Each structure stands twice: as C-alpha cells, then as structure tokens.
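> If you want the building blocks of each chain, they are given just below.
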Amino acid sequence: MLRTDEILSTIQMLHAESLDVRTVTLALNVDDCAAPSMDSLCRKLRDKITGRASRLVETCNKVGRKYGIPIVNKRIAISPVSHLLAGHGQAAALGVFAVSYRSDFHAMMCLVNDEDPVTIESSLNGLIQDRTTQIAINANRVGNAAE
Amino acid sequence: MKTQFPHAYVLNVLTGDHPGIVAAITRSVNQRDGNIDACSQTVVEGFFTLIMVISFAQPVEPDALASEIRGDPAHGFQVVARNFVEPVSKPVTAVDRFVLTAFGKDKPGIVRRFSEYLAGKDINILDLFAHRQSDDFLLIGQLEIPAVRDLALLQADLEQIAAEEAFTVKLQHENIFVATNQLRFER
Chain V
669 MLRTDEILST
679 IQMLHAESLD
689 VRTVTLALNV
699 DDCAAPSMDS
709 LCRKLRDKIT
719 GRASRLVETC
729 NKVGRKYGIP
739 IVNKRIAISP
749 VSHLLAGHGQ
759 AAALGVFAVS
769 YRSDFHAMMC
779 LVNDEDPVTI
789 ESSLNGLIQD
799 RTTQIAINAN
809 RVGNAAE
Chain H
375 MKTQFPHAYV
385 LNVLTGDHPG
395 IVAAITRSVN
405 QRDGNIDACS
415 QTVVEGFFTL
425 IMVISFAQPV
435 EPDALASEIR
445 GDPAHGFQVV
455 ARNFVEPVSK
465 PVTAVDRFVL
475 TAFGKDKPGI
485 VRRFSEYLAG
495 KDINILDLFA
505 HRQSDDFLLI
515 GQLEIPAVRD
525 LALLQADLEQ
535 IAAEEAFTVK
545 LQHENIFVAT
555 NQLRFER
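The listed protein sequences derive, respectively, from chains V and H. At position 41 of the first sequence the residue is numbered 709 (my numbering), and the sequence of numbers has no breaks. At position 96 of the second sequence the residue is numbered 470 (my numbering), and the sequence of numbers has no breaks.
I should point out that these hints are in silico values taken from the structure, not numbers from a laboratory. All values reported here derive from a predicted model rather than from experimental measurement. Hints are not guaranteed to be accurate.
One-sided and incomplete, this derived list gives chain H residues near chain V with beta-carbon spacing under 10 Å [stated by the list, open to error]:
(1) V434
(2) T475
(3) D501
(4) H547
(5) E548
(6) I550
(7) V552
(8) A553
(9) T554
Cut-off 20 Å, straight-line C-alpha distance, at most; resulting in silico cross-link-like pairs (DMTMM-like, lysine to aspartate or glutamate) [what the hints assert, rightly or not]:
(10) H:K544 with V:D699
(11) V:K730 with H:D524
(12) V:K734 with H:D524
(13) H:K544 with V:D688
(14) V:K734 with H:E518
(15) H:K544 with V:E685
(16) H:K544 with V:D715
(17) V:K730 with H:D470
(18) H:K481 with H:D510
(19) V:K734 with H:D510
(20) V:K730 with H:D391
(21) V:K730 with H:E538
(22) V:K734 with H:D496
With beta-carbon atoms standing in for the labels, derived distance ranges [to be verified]:
(23) H:T467 with V:S747: 42 to 50 Å
(24) V:K730 with H:H505: 57 to 65 Å
(25) H:K481 with V:A695: 24 to 32 Å
(26) H:A530 with V:N741: 23 to 31 Å
(27) H:E533 with V:N741: 42 to 50 Å
(28) H:T542 with V:T727: 35 to 43 Å
From the three backbone atoms N, C-alpha and C, an ideal C-beta is built for every residue, glycine too.
Taking the hints into account, I'd like the entire structure generated from these sequences.
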C-alpha cells in the first residue's frame, strides 16, 4: 500500500515541479528497406515507418493518461540511411532526405524538386558525410498523417 | 489467511490516542496465550483505532474477550470482537490498482459523491484518506479497478463530477507513485 506522503510528493512533482516524460523515441531499423530503385526504396520506407509508428502518438497519449503524466515529445529514430543510399547517388539521397526535412510522411513519395535545393543540399552534405547520422522525425504529426 | 491457532477472532478498538494502548491490548491477548495474526492501526485527529486478527488454541467467547480488553471503563476503550471467518472468495476478476486524488473547497457530500460513483462501477476502495485544512478538502483513495473498465471513460466521468463540485480530480495508475517514490520494481 502506498503512503499518503508518497502520493502527495508525486502530485507535487507533477503539478508544482512540472514532471513529465520528455520524449518517447521509437527506434526502427530500416536496413531491410534497401531496394534497387528509389521509388521502391521510398515506398518500403514509408510502409515500414507508417506501419510501425502509425499508433505511436495515440499509444503514448493513452499511456500518459493512464499514469497521469504528460509525454511531451514522440519521436521516431531510424537506422543510418547511408546504408540504404549506397550506390544510389546524391540525387537519390535527396529524395529520402526530404522525409526528414519536411517531417511529413507524405514526403516519402516526393522527390526533392519541390523543396529548396540549396537548403536541402547543404544539410544533406553534412548527412552523407557523417555515416552514423540518424534521421529523427518529429512524430507528433504521425497521428495526423495516419488519420 | 491461515491463522496460527484454529480459533480466530477479529478485534476492533477505538479510543482517544495515548501511549500504551497496543501494549494494553496485546497484554490481554497474551494472557490467554493468543497470537496476533494481522493488524492495522491508525490515528486520526487524536483518535486511535485498530483492527486485529487474533487466534487461540481454545475457543474464546468474543464478548468476554472484548470485555476483558475494554477493562476499566474509565480507560474509554470501545472494543468489538467477533469470530473471524474467511471472506467468501469472490469470483476471480483481474483488477488494477489506481489512485484517485480530489482537491477543492470543502462541503458536505464530497466523499459520498465519489464513493457512490465508484461503487456503481464495482470499484473497491482499499485505502481512503481525507483531510480538511482551512476550507480545503483533500481526498485520496487507493482503488482496485476491474480490468474490464475503460479507463478513459472513468476519468471522463470523474472529471465531470469534479467539475460539478468545483474540485480537481486525478485518477492515476499506482505505478507512477511507485516509480517516483520507491525502489520497488516488480508488481
């Protein structure tokens, strides 16, 4: 049985000291999305991420309500895309990068020509030079994308 | 619960709080070679109350036992003793433990309002704490909620009641309190 002072101290943490769960991150290995064509690769990436993460926001909110603690950020981290991009060239990489750049899963289907090429390219140069870079996607919009 | 001896009794004592109450009660039990099998005691605003399961090798008359513990009426002990019978086992239903906290301006009927709602949902209150300070009232209930209940609906109903009573209410799984206060990982 819990003691009253324990319950009150937790209430104090939550309400007076703003205790929250800062971030829940869903990590996905996307190495199995490798494909000979960019169209296929983007489709597999989109299917994998939306398939695994479509209920991330809903689930986090449900857990947050159960315990009475806010979960502020819901994120997805995918394994290094440099593995997928090997052999596809920089132009193809821009298509994948657009996903993280726009934080929007619909971007999976898009190529880079509707983005600002200068901004993307400068970011992408950093991305492809750092082979350990992981793309983090703001998943707060995943729920909207799935609706 | 299996008691130490076959003849078991449940004992309830209420009196003004002062040192030596437990000693006086246990002395009476000990004089009859009894055993204390379970006990819970608390003090509320200067009043002491205790519930105890005790057992003896030989049968004891509950009223005689109560009278003996009551002792000198000048002590002001209110004592009730009765035969301890294991509660009839309820059908096993999965339950989860939650904590209800409610806070607001005190007025009559708050505990009734929440407890009637919980009773209507087959929710058992394991522990209840209430305290009035200035004009504010704090209510904390540790609850056993059947797993079949939809938590979101319960929370919405309780918030509705709270809004009508101008109270703030929270219903949270107990593990948030365990995780933030105790080094107790398995439940």
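> Now, for every hint given, state plainly whether the structure supports it.
Structure-based check of all given hints:
no., hint, result
1, V434, "violated (30 Å)"
2, T475, "holds (6 Å)"
3, D501, "holds (6 Å)"
4, H547, "holds (5 Å)"
5, E548, "holds (6 Å)"
6, I550, "holds (4 Å)"
7, V552, "holds (7 Å)"
8, A553, "holds (8 Å)"
9, T554, "holds (5 Å)"
10, H:K544 with V:D699, "violated (43 Å)"
11, V:K730 with H:D524, "holds (11 Å)"
12, V:K734 with H:D524, "holds (11 Å)"
13, H:K544 with V:D688, "holds (15 Å)"
14, V:K734 with H:E518, "holds (14 Å)"
15, H:K544 with V:E685, "holds (17 Å)"
16, H:K544 with V:D715, "violated (38 Å)"
17, V:K730 with H:D470, "holds (16 Å)"
18, H:K481 with H:D510, "holds (9 Å)"
19, V:K734 with H:D510, "violated (26 Å)"
20, V:K730 with H:D391, "violated (45 Å)"
21, V:K730 with H:E538, "violated (25 Å)"
22, V:K734 with H:D496, "holds (19 Å)"
23, H:T467 with V:S747: 42 to 50 Å, "holds (43 Å)"
24, V:K730 with H:H505: 57 to 65 Å, "violated (32 Å)"
25, H:K481 with V:A695: 24 to 32 Å, "violated (51 Å)"
26, H:A530 with V:N741: 23 to 31 Å, "holds (25 Å)"
27, H:E533 with V:N741: 42 to 50 Å, "violated (25 Å)"
28, H:T542 with V:T727: 35 to 43 Å, "violated (26 Å)"
Comparing the model with each numbered hint stated earlier shows that hints 1, 10, 16, 19, 20, 21, 24, 25, 27, 28 do not hold.
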